[in-house]
Amino acid sequence: MKQTKLAAALLDPDSPLPARFAIHRNTVFHSLMAALEAGFPVTRRLVGADFFAETARIFLRQHPPRSPVLMLYGVDFPSFLQGFAPAQSLPYLPDLAALEQALRESYHAADLPAITAEAFAKLTPVQSLRLSPALRLVRSDWPIWAIWTAKGEGPLPPVDGTDVVILRPGFDPLPHPLPCGGGVFLASLLEGQSLGQALSDTPTTFNLTAVLTLLLRGNGVVCGA
Amino acid sequence: MLPPRPGVGFKPQHFQDLLDEPGPVAWLEIHAENYMGAGGRPLAQLRHLAERFPISVHGVGLSIGGEAGLDPDHLARLKALCDWVQPASFSEHLAWSSHAGVWFNDLLPLPYTGETLIRVAAHISHAQDLLGRRMLLENPSSYMTFPESDWPEVEFLREICRRAGCGLLLDVNNVQVSATNLGFDAMAYLAAYPIDLAEEIHLGGHRAEVDADGATVLVDSHGAPVAERVWQLYADVLRHGPRPTLIEWDNDVPEWATLCAEADRAGGMLEGS
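Protein chains in written order, with the working numbering: chain A, 1 to 225; chain B, 1 to 273.
Read the hints as simulated data drawn from the structure, not as lab findings.
Hints are not guaranteed to be accurate.
Facing chain B, a subset of chain A residues (Cβ under 10 Å, in silico) [to be verified]:
1) Leu-10
2) Val-69
3) Arg-139
Every residue gets a Cβ at the ideal spot worked out from N, C-alpha and C, and that includes glycine.
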């Protein structure tokens, strides 16, 4: 039997198979399901194990992995949820999944030394900041930091803005809520704009000191221009 | 070369225990694909361990038995990893795992024919040339046979080694799983197996299921202690001399002490061999 035929049957539960080959279909399904459960624990908790399993079952057939490196499998899951009709009653769900995906990306991102206080003090407004490869900006219209933090238990912690920055001071990434204007400021920096340009895009109430302090404490700025 | 002593599959939750109390563990095996990120804790841990233990890089992603050529991107990732880890051993599986760009995350079976033999040997030669190192090929755990297969597995493995110049990794648990599922004699398999080509041994746990026809099926779960029957087969294999021996426990990973006890048992048998 040619691999094309077997491969097609692996992702299709209704496709006939040699009896024992179904053991492999079962393993494929369960191992990919386990990868998605490990990648999106809070999303799963919020929708419940059964709903998540049903959703993931459909997702993994439509978007099977394209690489044997599974640590980031699920990059399409947030956009899949966006168009997944049964999840429309939870409009924040795609952004919450995007936050979880970004946490994993941050965990596996390259290690670069943080900028020194001396080098940082010498920066001028015409310069751009080199942000850490482990920094992730997740922009949302929903309080996803609070939703992620509460994990379905108790009231949501209060929060000013809805954008989130993920920082990894050591090996463990942590999401932080950004104050109003923080999202647009970091988005400009990530595009390579200078500090001055990035600042000009922010509202007058923007607290630059608070955001810079957050970035420096979280090793969000690295050495080099 | 790995030392002819016990090793374990490294799990991140055992990192500190391993450094504090390695016990009988003389070397470590990692799954290559778990260390192909850009940085962070996994690579930092591996860097630390590679300075202290011989490392075996065990790939699950090359799809050696695939109908198409090897994925050049994956080979490049593997080369980058091997180049910095400088493993004492590199091994892969007689299986396929991807097809037409889709990755199935399972070790899928292939028929043993003249055609697949030529293809597998060519894939191994290609990988060995590119990586600049020899590969050990692991025997699969099987649940089914293909009607078109006309080579016994042991002869297929032996001939691949002859053509590609690779070595073998003998997974004793896989022999027991396949023997039960396909109805052959594990001892006869081992008697015919080219043990002189085997440079490493795997011992792992399986679980028993009953299929729709009421037959017992052993599933290579790597989620349990090594079965007594597998220890017996292992003792028989050791009559040919000690080999580096891995305790493989990938799912429902136990406490460090439990894993160490398994490694200790293998170590005792290795010392007596």
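Hint by hint, here is what the structure shows:
| no. | hint | in the structure |
| --- | --- | --- |
| 1 | Leu-10 | holds, 6 Å |
| 2 | Val-69 | holds, 5 Å |
| 3 | Arg-139 | violated, 23 Å |
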